[in-house]
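Novice: Start from the sequences, fold in the hints, and give me the full structure.
Residue numbers (the working numbering): 8 to 387.
Note that these hints are calculated values from the structure, not bench results.
These numbers were taken from a predicted model, which means no experiment stands behind them.
Ideal placement from N, C-alpha and C gives every residue a C-beta, glycine not left out.
Errors might be hidden in some of the hints.
Below, simulated DSSO-like cross-link-like pairs (lysine-lysine); rule was C-alpha separation at most 27 Å, straight line [what the hints assert, rightly or not]:
#, residue 1, residue 2
1, K344, K322
2, K216, K73
3, K73, K220
4, K199, K73
5, K198, K309
6, K199, K218
7, K220, K131
8, K42, K115
9, K42, K214
10, K198, K131
11, K115, K199
12, K216, K199
13, K14, K42
14, K115, K198
15, K73, K14
16, K14, K115
17, K199, K309
18, K216, K131
19, K131, K214
20, K73, K198
Ranges between beta-carbon positions, derived for each pair [to be verified]:
#, residue 1, residue 2, range
21, S324, G130, 56 to 66 Å
22, Q202, I281, 28 to 38 Å
23, R316, E39, 52 to 62 Å
24, A223, K73, 20 to 30 Å
25, L148, S359, 45 to 55 Å
26, L43, G129, 20 to 30 Å
27, M378, K42, 52 to 62 Å
28, Q36, N177, 26 to 36 Å
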Amino acid sequence: MDNQPEKIDVSVVLPCRNEMAALPACLEQIIEVFKLSNLVGEIIVSDSSSDQSPEIARRYGAVLIKHDCEGYGVACRQGLAAACGQYIFLADADGSYDFREIPNFINKLTAGSDFVIGNRFGGKIETGSMPWLHRYIGNPLLSSILRFLFHAQVTDVHCGLRAISRQALNQITLYTSGMEFASEMVIQAVKKNLQISELPISYHSRKGKSKLKPLADGWRHLRFMLLYSPLFLFLVPGLIFFSLGLVITFWIYGNFPFLFGRHFSYHPMFLGLILIISGYQLMFFALFAKTYAIIHLGDSSKIINFIQRHITIEKASLLGTALVILGSIIFVFIFWKWYQNNFGALEEIKNSIMALTFMVVGLQTIFSSFMLSILGIQEK
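Specialist: And the structure:
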C-alpha cells in the first residue's frame with residue numbers, strides 16, 4: 008500500500024516548440040505554485056523543439072513527451088493524453104501567462120465548472136504583448152463568430168490559458184492539429200453541454216519568436232467553425248439559391264413577364280436552373296457535413312436522426328427516379344413535336360429547361376442518397 012503512487016491533483020500541460028528562452032521561468036513558477044498551494048501536481052512538456060527545451064524540461068523534472076510533430080493542436084492532444092491529474096491546466100510555455108492563476112482555475116473547477124478559460128480582455132494586457140490587429144479585429148471577430156454559430160458564452164476563444172476536469176475531458180474528442188484546436192475545444196465543450204466559466208487574466212509579452220501566422224491561422228479557425236456549422240455554410244445559402252431559382256424559373260415559365268418596364272424572354276430561366284441545381288446540391292452538402300460530424304466527430308442532430316429513420320436510400324432513389332422519368336417524358340414530348348414538325352424550327356426552350364432541371368435534380372437525389380448512406384456507416 009505504501010508503494011502506491013500519490014494521487015495527482017493537477018496536470019499542467021505545456022505545448023512547447025523552441026521555447027528555451029521562457030521555459031525555465033515557466034517551470035520554476037509552476038513548481039512554486041504547487042508548493043504554496045499544497046497541490047500534488049505534474050508538469051507535462053509536449054515537445055517538438057529543435058533547441059534546448061527538452062533538456063530544460065528534464066532538468067526541472069517535467070514529464071517530457073517528445074513527439075516532434077509540428078502543430079499546436081498536436082502538442083496539446085499529446086500532452087492531454089499523457090495527463091494523469093484530476094484537473095488539467097493547459098497553457099503556453101512562452102512566458103505570456105501567469106501560472107499563479109492555477110489555483111483560481113482549480114477553484115472554479117472544484118466549485119462546479121467543467122471547463123474554465125481565461126479572458127485576456129477582462130484583465131490587463133501588457134503593452135506590446137498582443138498586436139493591434141489581433142487585439143481589436145482578429146480575436147474579437149473570430150470569437151464573435153463562434154459565439155453566434157455555437158451560442159458559446161466565451162469572450163476570448165483563443166486564450167491559451169484554460170483548465171478542464173478529468174471527467175469533462177473524457178466527454179470530448181479532439182481531432183485538430185493546428186491553432187484551430189483552441190476553437191475546437193470550446194465548440195466540443197458547448198456541444199457536450201459542459202459548464203463553461205471565464206476568468207479575467209493578465210497577458211504579458213512573450214519571450215522568443217512567435218509561431219503564430221495571423222492570416223493562415225485565422226483562416227484555419229474560421230474554416231473549422233464553418234465546417235463544424237454546415238447550417239450556415241451550406242444549408243442557408245442552399246435554401247436561398249434553391250428558393251430563388253424556383254421563383255425565377257416558374258415566373259418565367261408562366262409567361263414572358265415585364266419588370267422595370269422591360270420584357271423578359273426565357274433566358275433568365277437558365278439562371279433559375281443554375282440556382283436550383285446549386286442550391287439543391289448545397290443542401291445535400293449540409294447533410295453530408297452534418298452526417299460526418301455525427302459519425303466521426305461525436306456531434307448530434309435531431310434532424311439527421313429523423314432523416315435517417317424516415318428517408319431511406321430506396322425512398323430517395325424512387326423520388327430521384329421519378330424526377331428523371333418526368334424529365335425524360337418532357338424530352339420525349341418535345342422530340343415528338345419536333346418529329347411532327349419535320350425536324351424544323353421548334354420553340355420549346357422553356358420545356359427543355361424544365362426537363363433538364365427535373366433530370367439533374369433527380370440524378371442528384373439518387374447519388375446523394377447513396378453518399379449519405381456511405382457517410383452514415385459507423386466504424387466498429
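Novice: None of the hints should be skipped; say for each whether it holds.
Specialist: For each hint, the structure was consulted:
About 33 Å separates the Cα atoms of K344 and K322, which puts this hinted pair outside 27 Å; it is violated. The hinted pair formed by K216 and K73 meets the criterion: a straight-line CA distance of about 21 Å does not exceed 27 Å. Distance restraint check for K73 and K220: the Cα-Cα separation of roughly 23 Å lies within the 27 Å cut-off, and the hinted pair is therefore satisfied. For the proposed pair K199 and K73, the alpha carbon gap of about 31 Å is over 27 Å, so the pair is violated.
For the hint linking K198 to K309, the alpha-carbon distance of about 13 Å falls within 27 Å, and the restraint holds. Restraint check for K199 and K218: the C-alpha separation of about 31 Å exceeds 27 Å, so the hint is violated. Restraint check: the Cα-Cα separation between K220 and K131 comes to about 24 Å, which is no more than 27 Å; the hinted pair holds. Proposed proximity of K42 and K115 is supported: the alpha carbons are some 20 Å apart, at most 27 Å.
Taking the CA atoms of K42 and K214, the gap is near 25 Å; set against the 27 Å cutoff, the hint holds. Distance check on the hinted pair: K198 and K131 sit about 30 Å apart at the alpha-carbon level, beyond 27 Å; violated. Restraint check for K115 and K199: satisfied, since their Cα atoms lie roughly 19 Å apart, inside the 27 Å limit. With a CA separation close to 36 Å, the supplied pair K216 and K199 exceeds the 27 Å bound.
For a cut-off of 27 Å, the pair hint linking K14 to K42 stands: about 15 Å separates their Cα positions. For the given pair, K115 sits about 20 Å from K198 by alpha-carbon distance, which is consistent with the 27 Å threshold. At most 27 Å may separate the alpha-carbon atoms for a hinted pair to count; K73 and K14 meet this at roughly 24 Å. For the hint linking K14 to K115, the alpha-carbon distance of about 20 Å falls within 27 Å, and the restraint holds.
Note on K199 and K309: the hinted pairing holds, with a Cα-Cα distance of about 15 Å set against a maximum of 27 Å. For the hint linking K216 to K131, the alpha-carbon distance of about 22 Å falls within 27 Å, and the restraint holds. The suggested pairing of K131 with K214 holds, with an alpha-carbon distance near 18 Å, which does not exceed 27 Å. Between K73 and K198 the alpha-carbon distance is near 31 Å, which puts this suggested pair outside the 27 Å criterion.
Hint check: S324 to G130, Cβ distance near 58 Å, so the stated range 56 to 66 Å holds. The hint said 28 to 38 Å for the Cβ distance between Q202 and I281, and at roughly 47 Å that hint is violated. Roughly 57 Å separates the CB atoms of R316 and E39, a value that falls within the hinted 52 to 62 Å. Checked against the hint of 20 to 30 Å, the C-beta distance between A223 and K73 comes to roughly 26 Å, which is consistent with it.
Checking the proposed 45 to 55 Å range against L148 and S359 shows it holds: the Cβ atoms sit about 47 Å from each other. Restraint check, L43 to G129: a C-beta distance of roughly 24 Å satisfies the suggested window 20 to 30 Å. As the Cβ distance of M378 to K42 is approximately 58 Å, the hint placing it in 52 to 62 Å holds. As the Cβ distance of Q36 to N177 is approximately 28 Å, the hint placing it in 26 to 36 Å holds.
In summary, the numbered hints that this structure violates are 1, 4, 6, 10, 12, 20 and 22.
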